[in-house]
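There are 2 protein chains.
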Amino acid sequence: MSNVIEALAAALGTQVRTGSDIPSRNHADASGLQPTQPLALILPQTTEDIAAALKICHQHRHPVVTQGGLTGLAGGAHPETGEIALSLERMNGIEEIDQASATLTALAGTPLATIQQAADEAGFLCGIDLGARGSCTIGGNIATNAGGNQVVRYGMARRNTLGLEVVLADGTVIRSLNKMLKNNAGYDWTQLFIGSEGTLGVITRVVIGLHPKPQGIQTALCAVSSFDDALVVLRKFQQAHPGRLLVFEAMWREFMTVATGICGLPAAFEAEHDVTLLIEADMGEDPAGTEAFSLLLGEFYEQNLIKDAVVAQSRAGRNRFWAYRETPYEYGRFLPEEIRFDVSVPLNRMTEAVEHLRQEMPRHWPDAVYVVFGHVADSNIHINVAIRDMDDGIKKGVQKLVYDLVSGLGGSISAEHGIGRIKRPYLPLSRTEPERELMAKMKQMLDPEGILNPGRVL
Amino acid sequence: MSNVIEALAAALGTQVRTGSDIPSRNHADASGLQPTQPLALILPQTTEDIAAALKICHQHRHPVVTQGGLTGLAGGAHPETGEIALSLERMNGIEEIDQASATLTALAGTPLATIQQAADEAGFLCGIDLGARGSCTIGGNIATNAGGNQVVRYGMARRNTLGLEVVLADGTVIRSLNKMLKNNAGYDWTQLFIGSEGTLGVITRVVIGLHPKPQGIQTALCAVSSFDDALVVLRKFQQAHPGRLLVFEAMWREFMTVATGICGLPAAFEAEHDVTLLIEADMGEDPAGTEAFSLLLGEFYEQNLIKDAVVAQSRAGRNRFWAYRETPYEYGRFLPEEIRFDVSVPLNRMTEAVEHLRQEMPRHWPDAVYVVFGHVADSNIHINVAIRDMDDGIKKGVQKLVYDLVSGLGGSISAEHGIGRIKRPYLPLSRTEPERELMAKMKQMLDPEGILNPGRVL
Numbered sequence: 001m002s003n004v005i006e007a008l009a010a011a012l013g014t015q016v017r018t019g020s021d022i023p024s025r026n027h028a029d030a031s032g033l034q035p036t037q038p039l040a041l042i043l044p045q046t047t048e049d050i051a052a053a054l055k056i057c058h059q060h061r062h063p064v065v066t067q068g069g070l071t072g073l074a075g076g077a078h079p080e081t082g083e084i085a086l087s088l089e090r091m092n093g094i095e096e097i098d099q100a101s102a103t104l105t106a107l108a109g110t111p112l113a114t115i116q117q118a119a120d121e122a123g124f125l126c127g128i129d130l131g132a133r134g135s136c137t138i139g140g141n142i143a144t145n146a147g148g149n150q151v152v153r154y155g156m157a158r159r160n161t162l163g164l165e166v167v168l169a170d171g172t173v174i175r176s177l178n179k180m181l182k183n184n185a186g187y188d189w190t191q192l193f194i195g196s197e198g199t200l201g202v203i204t205r206v207v208i209g210l211h212p213k214p215q216g217i218q219t220a221l222c223a224v225s226s227f228d229d230a231l232v233v234l235r236k237f238q239q240a241h242p243g244r245l246l247v248f249e250a251m252w253r254e255f256m257t258v259a260t261g262i263c264g265l266p267a268a269f270e271a272e273h274d275v276t277l278l279i280e281a282d283m284g285e286d287p288a289g290t291e292a293f294s295l296l297l298g299e300f301y302e303q304n305l306i307k308d309a310v311v312a313q314s315r316a317g318r319n320r321f322w323a324y325r326e327t328p329y330e331y332g333r334f335l336p337e338e339i340r341f342d343v344s345v346p347l348n349r350m351t352e353a354v355e356h357l358r359q360e361m362p363r364h365w366p367d368a369v370y371v372v373f374g375h376v377a378d379s380n381i382h383i384n385v386a387i388r389d390m391d392d393g394i395k396k397g398v399q400k401l402v403y404d405l406v407s408g409l410g411g412s413i414s415a416e417h418g419i420g421r422i423k424r425p426y427l428p429l430s431r432t433e434p435e436r437e438l439m440a441k442m443k444q445m446l447d448p449e450g451i452l453n454p455g456r457v458l
Numbered sequence: 001m002s003n004v005i006e007a008l009a010a011a012l013g014t015q016v017r018t019g020s021d022i023p024s025r026n027h028a029d030a031s032g033l034q035p036t037q038p039l040a041l042i043l044p045q046t047t048e049d050i051a052a053a054l055k056i057c058h059q060h061r062h063p064v065v066t067q068g069g070l071t072g073l074a075g076g077a078h079p080e081t082g083e084i085a086l087s088l089e090r091m092n093g094i095e096e097i098d099q100a101s102a103t104l105t106a107l108a109g110t111p112l113a114t115i116q117q118a119a120d121e122a123g124f125l126c127g128i129d130l131g132a133r134g135s136c137t138i139g140g141n142i143a144t145n146a147g148g149n150q151v152v153r154y155g156m157a158r159r160n161t162l163g164l165e166v167v168l169a170d171g172t173v174i175r176s177l178n179k180m181l182k183n184n185a186g187y188d189w190t191q192l193f194i195g196s197e198g199t200l201g202v203i204t205r206v207v208i209g210l211h212p213k214p215q216g217i218q219t220a221l222c223a224v225s226s227f228d229d230a231l232v233v234l235r236k237f238q239q240a241h242p243g244r245l246l247v248f249e250a251m252w253r254e255f256m257t258v259a260t261g262i263c264g265l266p267a268a269f270e271a272e273h274d275v276t277l278l279i280e281a282d283m284g285e286d287p288a289g290t291e292a293f294s295l296l297l298g299e300f301y302e303q304n305l306i307k308d309a310v311v312a313q314s315r316a317g318r319n320r321f322w323a324y325r326e327t328p329y330e331y332g333r334f335l336p337e338e339i340r341f342d343v344s345v346p347l348n349r350m351t352e353a354v355e356h357l358r359q360e361m362p363r364h365w366p367d368a369v370y371v372v373f374g375h376v377a378d379s380n381i382h383i384n385v386a387i388r389d390m391d392d393g394i395k396k397g398v399q400k401l402v403y404d405l406v407s408g409l410g411g412s413i414s415a416e417h418g419i420g421r422i423k424r425p426y427l428p429l430s431r432t433e434p435e436r437e438l439m440a441k442m443k444q445m446l447d448p449e450g451i452l453n454p455g456r457v458l
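Going down the list, the protein sequences come from chains A and B.
Using UniProt numbering, the letters of the first sequence correspond one by one to residues 1 to 458.
Using UniProt numbering, the letters of the second sequence correspond one by one to residues 1 to 458.
The following block holds chain A by itself, in its conformation from the complex:
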């Protein structure tokens, strides 16, 4: 084993660290798995360094775990004993903003927030956004096909990616720093690496497409008496103002009860409602847009589609509305240990999913606190379940309940967080045998020695 480290040190010098020289931050990602010191940490500065490192690991058939911002929740970047960690943190920098093409080219280790800020300063918006923006990296975002709150408007990371540079398992560098929306010259191989969670190659450089900046964001909280009504509101809003909707988040009754009860926020509405919606739209700079937003909500109210609504009148008001949606970040302070799920359910089965939880949760775990919320315009919900003295048996029981439910409704066990190590045992619930066989073939094609993030995804 020390052979591979010696070879790496000879090729890369001080970019290779071992033992106590490896910072503890590289011992874990955000998945909650047991921190583990990798056998070595490589801190490359160029694509060529990464190519050299992978070539050596490939020759030695030594497993490598690629690390970006270490914010992943599925254990994709979490080191296992004996693995060499390859951190992209020094591959940090924006190389070009092309105003004409509305594109940004950056090294893969650049933090998302840096990219967002650079896009903003150049008069554009970066369509990728998520809570971990301060620490996550653009390479990690693309490697996991990250989602977030604004997918209904800008799509997932895949849709925002125009070009990639990737180092393959054997050290081959492959590059298509494409800036064009249309490029049908042969297979678009970049799609292979988007969402592959570091198991097929290491993304080293990216070109993302930028969007026009929103000019007049309007925010509202709306109460509806059923998810079916929420869907009508969604489709009617999109019909009335195509391209305007930025955010369409649903928070079911139990979620608001925890927010106002345990987390101590003031009640959003006088009465209790089955679903509370957080809606944001870019209505443009013209004040007529602002008016049109409130007007439409008024129409929904008159049609008895929404039961109550408040529109934010200021940035502070907007923050107050978002505070409800962000209470899950505070649960640790108020609730016993939680299991958190990130799943998709087809929209026409969503009500069924929630009702099933409402029936089964209290029956199995009478003191369970459970909440359902999420990016419903994308079919994506999060389910958090907190149970006092949760042991492995309870954990497995809750997981079985949720995953069987999702699978039975034709949903997906991972909407935006990926599979990583943590959801790997459940992959067969969302993917058939022919699908998994094809995935295995893709892995075999690109990483025949199985050195890249082994044991993740497949």
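Worth flagging that the hints you see were computed from the coordinates, not collected in a lab.
Certain hints may be false.
Identical chains share a label here; the pair holds if one copy fits it or two copies do between them.
[As the list claims (entries may be wrong)] Restricting the straight-line Cα-Cα distance to at most 20 angstroms, the calculated cross-link-like pairs of lysine to aspartate or glutamate (EDC-like) are:
hint, residue 1, residue 2
1, Lys-55, Glu-437
2, Lys-55, Glu-435
3, Lys-396, Asp-308
4, Lys-236, Glu-285
5, Lys-395, Asp-367
6, Lys-213, Glu-433
7, Lys-236, Asp-98
8, Lys-441, Asp-170
9, Lys-236, Glu-121
10, Lys-55, Glu-433
11, Lys-236, Asp-120
12, Lys-236, Glu-254
13, Lys-396, Glu-360
14, Lys-441, Glu-254
15, Lys-307, Asp-391
16, Lys-400, Glu-355
17, Lys-400, Asp-389
18, Lys-307, Glu-270
19, Lys-396, Asp-98
20, Lys-236, Glu-291
21, Lys-400, Glu-270
Since we're looking at a predicted model, the values are computed, not measured.
Since chain A is already given, all that's left is putting chain B on it; use the hints.
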């Protein structure tokens, strides 16, 4: 060879035709290649039929060309001597429109126009649209990652595809009829088949995402004095009305000269301008939107960004504007033989590209009629070149001029039409050796006997 036909006939009965029972329409696609009668034509009605047929062809290592609407311009579906044609024309029908999910599920042989109409009747818009809509099929659209006029708003076929059912070369059926915007459960293998031009598998069933219907389309013709000004207009429009822009087509001076001269349309503006833009936006149902559209064009005029503009006041007016853009369909009546190019050029190099053509075309072929036009918001231009008594030597010369130019500027030799058989020799101009090697590996992985559309793309 008759062995494979016998086996196919035994398995599929009257679905297999040979000799003069093969309609002449199956002898050619729209690429202009010499019509060729395939060895046999298979007309399957189900996915299982296709699986059975491919299994047999795979066992016999016999080449198969898959045919959809036969509207492709790159020769992807054009049969070669000895090939068995697999036509999807009987795999025709819409299976489901899911109102809640805003998705449409259809068999791959369904014509695009049928899908557009069904979406419309259900209150939605199909985001895929192109000139051949009446005959092209949704499977062919996805297999070629089709583009069209509205890519700036709805993206290419890839972005509109949520789920696929595919039959692999050996007859394995693989299916993910996903309806959800977010699904990160393992590799998204469907991406492999989108834009693979039938060389990696046969698409048999599709799920596409639907969009809200535009409520108030506004159309304008605008004259600008340079492409740089056109780009400023593009970005300012997107900034002022995010999500509204549907169409942003540029027609350079030579194009308008042919339209008004040879094709006989009335002059669009009093003076001649370097670039004429055809702009469409969905300004919503509110009359304020209509006003805002004209108002913004007025501002551009005052800023001297646009030199002249007319806004369509009626459907007839809109059609008159589109008539300019559609003159290339009439060239056959007025011009000598043409070569037509579909290329991408990064937007910051576009002016260079056009100026190079303006310098080199007349120098080499003094009587050449050449026009440049296209979907510039997507970096996609079409170049048509008509030269009297065009022989192979001239043809090759023009191709070399255009492809060298595009390649030198970092563009793509195929923006939306694909590679097929016709552009295959030029693939190295747009793709590096490591890229082509990876493509070859993908082909080898999915079609080890090389039976699917051999000689296309790679």
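Okay, the hints, checked on the actual structure:
1. Taking the closest pair of Cα atoms, Lys-55 and Glu-437 come within 20 angstroms of each other only across two copies (18 angstroms); inside a single copy the shortest separation is 27 angstroms, beyond that limit.
2. Taking CA atoms no more than 20 angstroms apart as the test, Lys-55 paired with Glu-435 passes between copies only; the shortest distance there is 18 angstroms, against 30 angstroms inside one copy.
3. When the C-alpha separation of Lys-396 and Asp-308 is checked against a cutoff of 20 angstroms, the pair qualifies neither within a copy, at 39 angstroms, nor between copies, at 68 angstroms.
4. When the C-alpha separation of Lys-236 and Glu-285 is checked against a cutoff of 20 angstroms, the pair qualifies only between copies, where the shortest distance is 13 angstroms, while the shortest distance within a copy is 22 angstroms.
5. In the homo-oligomer, the alpha carbons of Lys-395 and Asp-367 lie at most 20 angstroms apart inside one protomer (14 angstroms), although the nearest pairing across protomers, at 78 angstroms, exceeds that limit.
6. Taking the shortest alpha-carbon separations for Lys-213 and Glu-433, neither the intra-copy value of 43 angstroms nor the inter-copy value of 38 angstroms comes in at or below 20 angstroms.
7. For the identical chains of this complex, Lys-236 and Asp-98 are inter-copy neighbours only, at 16 angstroms across copies versus 36 angstroms inside a copy, given an alpha-carbon limit of 20 angstroms.
8. With identical chains, the CA atoms of Lys-441 and Asp-170 are at most 20 angstroms apart both within one copy (17 angstroms) and between copies (14 angstroms).
9. For the homomeric pair Lys-236 and Glu-121, the shortest alpha-carbon distance between copies (16 angstroms) is at most 20 angstroms, but the shortest distance inside one copy (34 angstroms) is not.
10. In this assembly of identical chains, Lys-55 and Glu-433 lie within 20 angstroms of each other by CA distance solely across copies; the values are 19 angstroms between and 32 angstroms within a copy.
11. Proximity of Lys-236 and Asp-120 under a CA criterion of 20 angstroms is satisfied inter-copy only: 15 angstroms between copies versus 31 angstroms inside one chain copy.
12. In this assembly of identical chains, Lys-236 and Glu-254 lie within 20 angstroms of each other by CA distance neither inside one copy nor across copies; the values are 26 angstroms within and 44 angstroms between.
13. Taking the shortest alpha-carbon separations for Lys-396 and Glu-360, only the intra-copy value of 15 angstroms comes in at or below 20 angstroms, while the best inter-copy value is 71 angstroms.
14. In this assembly of identical chains, the alpha carbons of Lys-441 and Glu-254 never lie at most 20 angstroms apart, being 43 angstroms within a copy and 51 angstroms across copies at closest.
15. In this homomeric assembly, Lys-307 and Asp-391 never come within 20 angstroms of each other (Cα to Cα): the closest approach is 41 angstroms inside a single copy and 73 angstroms across copies.
16. Within a single copy, Lys-400 and Glu-355 get their C-alpha atoms as close as 17 angstroms, which meets the 20 angstroms cut-off; across copies the closest is 64 angstroms, which misses it.
17. Taking the shortest Cα distances, Lys-400 and Asp-389 sit within 20 angstroms of each other inside one copy (18 angstroms), while across copies they are farther apart (73 angstroms).
18. In the homo-oligomer, the alpha carbons of Lys-307 and Glu-270 lie at most 20 angstroms apart inside one protomer (11 angstroms), although the nearest pairing across protomers, at 57 angstroms, exceeds that limit.
19. In this homomeric assembly, Lys-396 and Asp-98 never come within 20 angstroms of each other (Cα to Cα): the closest approach is 50 angstroms inside a single copy and 33 angstroms across copies.
20. Taking the closest pair of Cα atoms, Lys-236 and Glu-291 come within 20 angstroms of each other only inside a single copy of the chain (17 angstroms); across copies the shortest separation is 23 angstroms, beyond that limit.
21. Neither within a single protomer nor between protomers do Lys-400 and Glu-270 lie at most 20 angstroms apart by alpha-carbon distance, with minima of 37 angstroms and 72 angstroms respectively.
Checked against the numbered hints listed earlier, the structure breaks hints 3, 6, 12, 14, 15, 19, 21; every other hint is satisfied.
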